[in-house]
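Produce the entire structure from the sequences given, and follow the hints as far as they go.
Heads up: the sequence shown begins at 4 in the numbering used here, then just goes up one per residue.
The hints are simulated quantities; they were obtained by calculation from the structure and are not laboratory data. The structure presented is a predicted model; accordingly, all values stated were derived computationally and were not measured. By construction, the Cβ of each residue, glycine as well, lies at the ideal position given by its N, Cα and C atoms. Among the hints, a few may not be true.
Claimed, not checked - No farther apart than 25 Å at their CA atoms in a straight line, the calculated lysine to any residue pairs in the SDA-like style are these:
id: 1; residue 1: Lys85; residue 2: Arg233
id: 2; residue 1: Lys189; residue 2: Glu211
id: 3; residue 1: Lys138; residue 2: Glu99
id: 4; residue 1: Lys138; residue 2: Arg75
id: 5; residue 1: Lys154; residue 2: Asn194
id: 6; residue 1: Lys245; residue 2: Arg179
id: 7; residue 1: Lys189; residue 2: Val224
id: 8; residue 1: Lys154; residue 2: Glu211
id: 9; residue 1: Lys245; residue 2: Arg233
id: 10; residue 1: Lys6; residue 2: Lys138
id: 11; residue 1: Lys154; residue 2: Ile117
id: 12; residue 1: Lys138; residue 2: Ala107
id: 13; residue 1: Lys138; residue 2: Leu219
id: 14; residue 1: Lys154; residue 2: Asp140
id: 15; residue 1: Lys138; residue 2: Val205
id: 16; residue 1: Lys249; residue 2: Ala70
id: 17; residue 1: Lys147; residue 2: Gly71
id: 18; residue 1: Lys85; residue 2: Arg111
id: 19; residue 1: Lys6; residue 2: Leu219
id: 20; residue 1: Lys245; residue 2: Phe29
id: 21; residue 1: Lys138; residue 2: Gly93
id: 22; residue 1: Lys189; residue 2: Leu219
id: 23; residue 1: Lys6; residue 2: Asp171
id: 24; residue 1: Lys138; residue 2: Arg74
id: 25; residue 1: Lys85; residue 2: Val145
To be verified - Have a look at the derived ranges for each label pair, beta carbon to beta carbon:
id: 26; residue 1: Ala191; residue 2: Arg75; range: 22 to 32 Å
id: 27; residue 1: Thr141; residue 2: Pro239; range: 44 to 54 Å
id: 28; residue 1: Lys147; residue 2: Phe121; range: 22 to 32 Å
id: 29; residue 1: Pro227; residue 2: Gly159; range: 33 to 43 Å
id: 30; residue 1: Glu215; residue 2: Arg253; range: 21 to 31 Å
id: 31; residue 1: Gln155; residue 2: Glu240; range: 31 to 41 Å
id: 32; residue 1: Ile117; residue 2: Gly93; range: 19 to 29 Å
id: 33; residue 1: Glu215; residue 2: Ala148; range: 44 to 54 Å
id: 34; residue 1: Ala119; residue 2: Pro239; range: 37 to 47 Å
id: 35; residue 1: Ala191; residue 2: Leu164; range: 41 to 51 Å
id: 36; residue 1: Leu164; residue 2: Arg253; range: 44 to 54 Å
id: 37; residue 1: Gly134; residue 2: Ala45; range: 30 to 40 Å
id: 38; residue 1: Asp190; residue 2: Thr124; range: 43 to 53 Å
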Amino acid sequence: MDKVIVSAAQAVADIPDGATLAVGGFGMCGVPAVLVHALFEAGTTNLEVVSNNAGVDGWGLGILLGAGRLRRVVASYVGENKEFARQYLGGELEVELTPQGTLAERLRAGGSGIPAFFTATGAGTQVADGGLPWKYDTAGNVEKASPPKQKQSFDGQEFVLERAIVADYGLVRAWRGDRHGNLVFKDAARNFNPLAAMSGRVTIAEVEQLVEPGELDPNDVHLPGAYVHRVVALTPEQAADKPIEKRTVRTGTEAR
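Rendered as structure tokens:
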């Protein structure tokens with residue numbers, strides 16, 4: 004089945020207000036920025052986003068955040084986004100902070116048909132006991148807090164029950180992909196992308212290099228096309244647009 008869609012705008016056109024999105028990327032690496040920008044242009048709002056982080060100010064998911072389009076974020080790290088902090092502390096945004104490995108496994112479990120799992124991560128903390136502030140009111144009081152989670156001991160160690168995540172849509176970015184939706188990710192850009200793709204009921208992939216079926220060695224495929232429903236081929240300019248989050252350079256003396 005040819006899953007190629009002619010444009011990012013067309014690929015995200017049916018994503019409704021209020022949808023839950025699992026979005027790949029880590030910092031500014033492997034972010035499906037073209038699909039996110041298409042959502043911004045479409046005016047889609049009231050979204051819940053599940054992603055390692057919520058972008059940076061003015062780029063990636065930060066564009067949707069800055070426009071007030073996000074109502075809830077499930078993430079592991081949000082420290083690079085001042086607008087995120089402002090909205091969260093100002094009572095405009097609900098935030099569920101989740102340990103990074105737990106978030107990864109919740110996405111993978113959702114795509115594997117596993118409704119929940121036990122993990123040692125968070126045992127003995129507010130992650131398990133509840134009380135983490137999910138949402139503040141405008142006066143800075145906790146309006147909504149995380150609930151306590153089920154706990155169980157195995158071999159004398161306490162574990163915490165975590166629910167899987169199944170998103171309405173998955174948005175991911177791949178290095179190479181074919182028309183059947185088989186995807187290859189490059190180096191660190193793989194990060195949360197395969198997991199976000201697995202989690203989505205409908206998954207849309209933007210690919211830097213579109214190839215014909217049969218050109219990808221099956222041994223190189225990181226995510227089979229069974230998890231991908233739509234493929235958007237990027238232009239060379241879009242594929243090359245990869246901002247650096249924190250640029251660090253050496254002086255000429257240090258380089259010698």
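Are any of the numbered hints broken by this structure? If so, which, sorted upward?
1, 5, 8, 10, 13, 14, 15, 18, 30, 31, 32, 35 and 38
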